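Enquirer: Chains as they are written, first to last, in the numbering used here: chain L, 21 to 362; chain D, 21 to 362; chain P, 21 to 362; chain S, 21 to 362.
No lab work stands behind these hints, which were simulated from the structure alone. Worth double-checking, as some hints may not be accurate.
One copy or two, it doesn't matter: identical chains are merged, so the pair holds either way.
[As the list claims (entries may be wrong)] Distance condition first, Cα-Cα at most 20 Å in a straight line; then the derived EDC-like pairs of lysine to aspartate or glutamate:
{"id": "1", "residue 1": "Lys208", "residue 2": "Glu296"}
{"id": "2", "residue 1": "Lys248", "residue 2": "Asp191"}
{"id": "3", "residue 1": "Lys241", "residue 2": "Asp156"}
{"id": "4", "residue 1": "Lys58", "residue 2": "Glu209"}
{"id": "5", "residue 1": "Lys58", "residue 2": "Glu82"}
{"id": "6", "residue 1": "Lys58", "residue 2": "Asp77"}
{"id": "7", "residue 1": "Lys99", "residue 2": "Asp125"}
{"id": "8", "residue 1": "Lys58", "residue 2": "Asp85"}
{"id": "9", "residue 1": "Lys99", "residue 2": "Asp136"}
On a predicted model such as this, the values are computed, not experimentally measured, just so you know.
Number of protein chains: 4
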Amino acid sequence: MTQNIAILGASGYTGAELIRLIATHPSMRIAALAANSKAGQSMAQVFPHLRHLDLPDLVTWEEIDWSGIDLCFCALPHKTSQEVIAQLPAELKIVDLSADFRLRDPEAYKQWYGNDHAALAQQEEAVYGLTEFYRDEIRGARLVAGTGCNAATGQFALRPLIAAGVIGLDDIILDLKCAVSGAGRSLKENLLHAELSEGYNAYAVGGTHRHLGEFDQEFSKVAGREVKVQFTPHLLPVNRGILATVYVSGEAEAVHAALAEAYAAEPFIEVLPMGETPSTHHVRGSNFCHIGVTGDRIPGRAIVVAALDNLTKGSSGQAVQNANLMLGLEETAGLMLAPCFP
Amino acid sequence: MTQNIAILGASGYTGAELIRLIATHPSMRIAALAANSKAGQSMAQVFPHLRHLDLPDLVTWEEIDWSGIDLCFCALPHKTSQEVIAQLPAELKIVDLSADFRLRDPEAYKQWYGNDHAALAQQEEAVYGLTEFYRDEIRGARLVAGTGCNAATGQFALRPLIAAGVIGLDDIILDLKCAVSGAGRSLKENLLHAELSEGYNAYAVGGTHRHLGEFDQEFSKVAGREVKVQFTPHLLPVNRGILATVYVSGEAEAVHAALAEAYAAEPFIEVLPMGETPSTHHVRGSNFCHIGVTGDRIPGRAIVVAALDNLTKGSSGQAVQNANLMLGLEETAGLMLAPCFP
Amino acid sequence: MTQNIAILGASGYTGAELIRLIATHPSMRIAALAANSKAGQSMAQVFPHLRHLDLPDLVTWEEIDWSGIDLCFCALPHKTSQEVIAQLPAELKIVDLSADFRLRDPEAYKQWYGNDHAALAQQEEAVYGLTEFYRDEIRGARLVAGTGCNAATGQFALRPLIAAGVIGLDDIILDLKCAVSGAGRSLKENLLHAELSEGYNAYAVGGTHRHLGEFDQEFSKVAGREVKVQFTPHLLPVNRGILATVYVSGEAEAVHAALAEAYAAEPFIEVLPMGETPSTHHVRGSNFCHIGVTGDRIPGRAIVVAALDNLTKGSSGQAVQNANLMLGLEETAGLMLAPCFP
Amino acid sequence: MTQNIAILGASGYTGAELIRLIATHPSMRIAALAANSKAGQSMAQVFPHLRHLDLPDLVTWEEIDWSGIDLCFCALPHKTSQEVIAQLPAELKIVDLSADFRLRDPEAYKQWYGNDHAALAQQEEAVYGLTEFYRDEIRGARLVAGTGCNAATGQFALRPLIAAGVIGLDDIILDLKCAVSGAGRSLKENLLHAELSEGYNAYAVGGTHRHLGEFDQEFSKVAGREVKVQFTPHLLPVNRGILATVYVSGEAEAVHAALAEAYAAEPFIEVLPMGETPSTHHVRGSNFCHIGVTGDRIPGRAIVVAALDNLTKGSSGQAVQNANLMLGLEETAGLMLAPCFP
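Produce the entire structure from the sequences given, and follow the hints as far as they go.
Expert: Listed below in structure tokens is the structure:
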């Protein structure tokens, strides 16, 4: 049975990526598209790569008739998202791609995002959207909070290791390299081609990136004690892809075994043979995550490298995967697209 | 009913692109993969982005058991291709992606490619693979010759105009910009990242590019007289995409009307509204071709711009489209993937 | 003797390029830097790549003390430039990099730029800044109008051919590919890395680009009759470089000879051996222009390809070259930097 | 007085970079260029960006007349370099850019490079070429061993910290991102534009990169005890630039102070204000190194980020800097070129 889908925030990159994925999804149909700043325009104007699709024109989210909508993806900026979601029908199934419902503790939310939360009721019922670890809760959820793209990458590398007790918890270092689409379609000088291409840099150095809120929450929960990682993101001159290089204390074999076991049945997580390392080239445009483990020449140290596409597995692909579960569909429906290489 | 597919030359970019497309094709199944230089390796070794697929290991083409194979894609280098195809089973359906069977006249072949043709019988039965213009012949063909990627782009822009008689035939200029994957996975100095990125250049200037053989053959055939165009390809620091900027004498309105009419029912060719221009960004990774028409400030002159992805609509997507016809499948099966942007 | 230099518009790319060149200029010293929107900031904040230089902080142009300034580079946006220059000291030597003083005819200016000119007195005295063709006038000029970067490239390819009478004047086609820095440091969606990289497109198709005003003025002047070319610029995912592919009717040998003769003594223009084609890779970051000529397979047709760096020879390098002449310095002073490859 | 310079290995990227720098050097003149595989060719053929220079044609190194040569840059592959240098005149001043003379201990050399050293006498007299730390020895040296480009970057970040005793020595992590020109002009599949652009990956993970030999040697020497760091290089789709993100235990203020003090008088090393982070964009094409320090939210942890251009400060610029010292010239001569941005 075809499910009717609405997308709020359809003029951004995660919105466009949702449409790209749903375009070949066997059981979803786009019934409404909203983008308040571009309401009235066609998708062919806003995203010419979607011009072959028969899509509804953009409207404001207030104009949407929610009767008949089975699920809504909310790809709005954080803060806006909570304000809008507070006003949507109380029974509507929602996958939110913003940061607004990721943190369980309103205080932690305020600490990282700077404002009081404006939709506390919804926040309370939200389920954290890291599918592989919250599958059962997501299946029954009304509101799922998509994870941060960096947060997803780091957790894929580390959660099974913390759970299995095979690494030290006090010296984890997460050096992460992220593509520019992670910053969205916003007009900032450092996102211009002339500023970004042909070079790279670290940013939010020293533990100030907001995705640390998710790492703290989730790693501490898995460990049963407080875990704080060091996390440095870097901005790379590439459009899609996150590579996390994670330094841990532990035996490489045990690290590899814990990951291999945790993901043995997962359709989207590929643990490479011991000693091989992944590349963002090989997951581009897909919902797959590749993870590699290597031991260091220094005994008792291991390196875990994880790669995924920030727009797909890191946000919109994850969102569709969660929606599939919420709608009782096959979890992989519409998501088996092979990576686009070269 | 699932069709069993063999691919020869699976370690090159067009081979990988065939696998990417077939991975989500509803009626094709990859039964054999050959790459003589890498026989014995797994596809995960040769193309790690395909590691999630359950694919046969690479073998030599001589090792393939052809019983049970419904269709073979031949993605070998030109000259090798004709030698191999001459030895394949006489009834086997083949889509060849090389240059070997594109030119009808063996003399023209020798002129452009420098050697005598080694498979004249097969050459005679081959059908030129520009689907939109040879659909009926392709449906009944045993051997289809995929077009050059540049040749396809130029023909999509020009064939309807020549056929409709709306442009002059003696002053056509085709300035074409091509991505580097068109040159294949070959180890040449000018294809290195350090040599190619951050710059661009023309090549094969002055009418020496081999795809001119196809232009001469096809345009003269459509016109019923000899037509020779000026054609300058440029190599751009991008992995996928061809943009052809075509300068013609003629009225822009008539030019636009001829294209709009010719492609009105085509699922993969989008003629943009008058005055809009396409971009390779918006067809990347897809089987779509976007075409725009603009009149010049100089009366009687028009510019046609066509964009497609050289690996998809320019070669492997076209090949799957042709195979669909040859196998009695839906022409668009497996090919409706939306472009991957950004 | 060291010349004191002021730069207005120092926070843009052409401003930064002027500083880069002057940094190693033997006879120029930067005495004042203005950028009204960023007044009060240091150059290290605005352009960290210049942090090693001992530069004055940014001020508003109104704050500059003009006594002691020998020459002012004006790198402001067009329209702003004419308003500011009208208020600068009447004796001050100025090289303007904007479009404001390029067109001799105020009507033509209004036609292409849409507004009445606000500094007609200055416009009248301005000399067109294409150094190789206006050297003597520039030497004695007070105000020199830097050319458009595309306009410079096209003129380097075509002026000697029109002057020598070796090409037809009614079918010239100028297909030009330009790097993104030509669009400046402005916050536009299509200039974002995620939008521009990995693809390319034509723009201002059909004869609407403003640099046509310069082509019309200059080519008609050289020819002694009206000359209108067809001109299509393309935006490429590269930071620096313009490549012009020019299609002309004429004998390639005569074309090559006319160029070789015209530029025999020029320090910055390199005419390649017959049949070779230039690349933007090989002029990046330098004041050099490479030009190649090839005959076509169609008799009587030739292709001229010219490459230069839009920020250097196309604007700021040209500006320094002109300033050298105006100040009685060696024309090549500070400009012999070799291209930066790879 | 002009010094006559020979360059062996002039057809590679470090050779071309040497020529680029010497092109505007006030006291050096290129007297001989050797590249055995391309002997007989002109530099315009091998590197068209150098065509404006009046350079000798390429010869084999055996053909060079050494009388009159003041200094030789040897930019040959490692192993070849030691074989050639063993045969050069015993008094000739040499700056070697290969790995052959970096390691003091022949056993360490064999361990990292796999072969016995073939020029032990020369190895013994060689001085390690990290100018800022070996300035006096270099001034009097006959043979200077240029450092690895990664090795230079890591040492600029760490040497003053180890010397000052402000960081722990047993948990240093060096996550390094390197541009592709560091791999040279070699024809390898992973260096192709189509393979490398639009993605990135770690390599030599786990302590296998040869530059670790230099780190071990130098850091242990500075510390007076064995120091082993964890070092993971990453290959990025950019032509120039290295960014090292270094994780250390220590107080950020003390770390910043140690760096600021160590480099206070250095012309090429810029320590940024506390909390700012450098970018490879801002050192491209120059001999500058930018270093930033930030404290982490975790007490007692700091992050040092260092950026330089691998071809300039990381190899050929360093080589010219050393040659300046060896020849009694101003250390900064020819090296004050500002970075090329954008």
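Enquirer: None of the hints should be skipped; say for each whether it holds.
Expert: Hints, verified against the model:
For the identical chains of this complex, Lys208 and Glu296 are inter-copy neighbours only, at 19 Å across copies versus 37 Å inside a copy, given an alpha-carbon limit of 20 Å. Taking CA atoms no more than 20 Å apart as the test, Lys248 paired with Asp191 passes in both settings, with 9 Å inside one copy and 17 Å between copies. For the identical chains of this complex, Lys241 and Asp156 are intra-copy neighbours only, at 17 Å inside a copy versus 56 Å across copies, given an alpha-carbon limit of 20 Å. Proximity of Lys58 and Glu209 under a CA criterion of 20 Å is satisfied inter-copy only: 14 Å between copies versus 22 Å inside one chain copy.
Only within a single protomer do Lys58 and Glu82 lie at most 20 Å apart by alpha-carbon distance; the minimum there is 13 Å, versus 40 Å between protomers. Taking CA atoms no more than 20 Å apart as the test, Lys58 paired with Asp77 passes inside one copy only; the shortest distance there is 10 Å, against 40 Å between copies. For the identical chains of this complex, Lys99 and Asp125 are intra-copy neighbours only, at 16 Å inside a copy versus 54 Å across copies, given an alpha-carbon limit of 20 Å. Within a single copy, Lys58 and Asp85 get their C-alpha atoms as close as 18 Å, which meets the 20 Å cut-off; across copies the closest is 47 Å, which misses it.
Taking the shortest Cα distances, Lys99 and Asp136 sit within 20 Å of each other inside one copy (9 Å), while across copies they are farther apart (46 Å).
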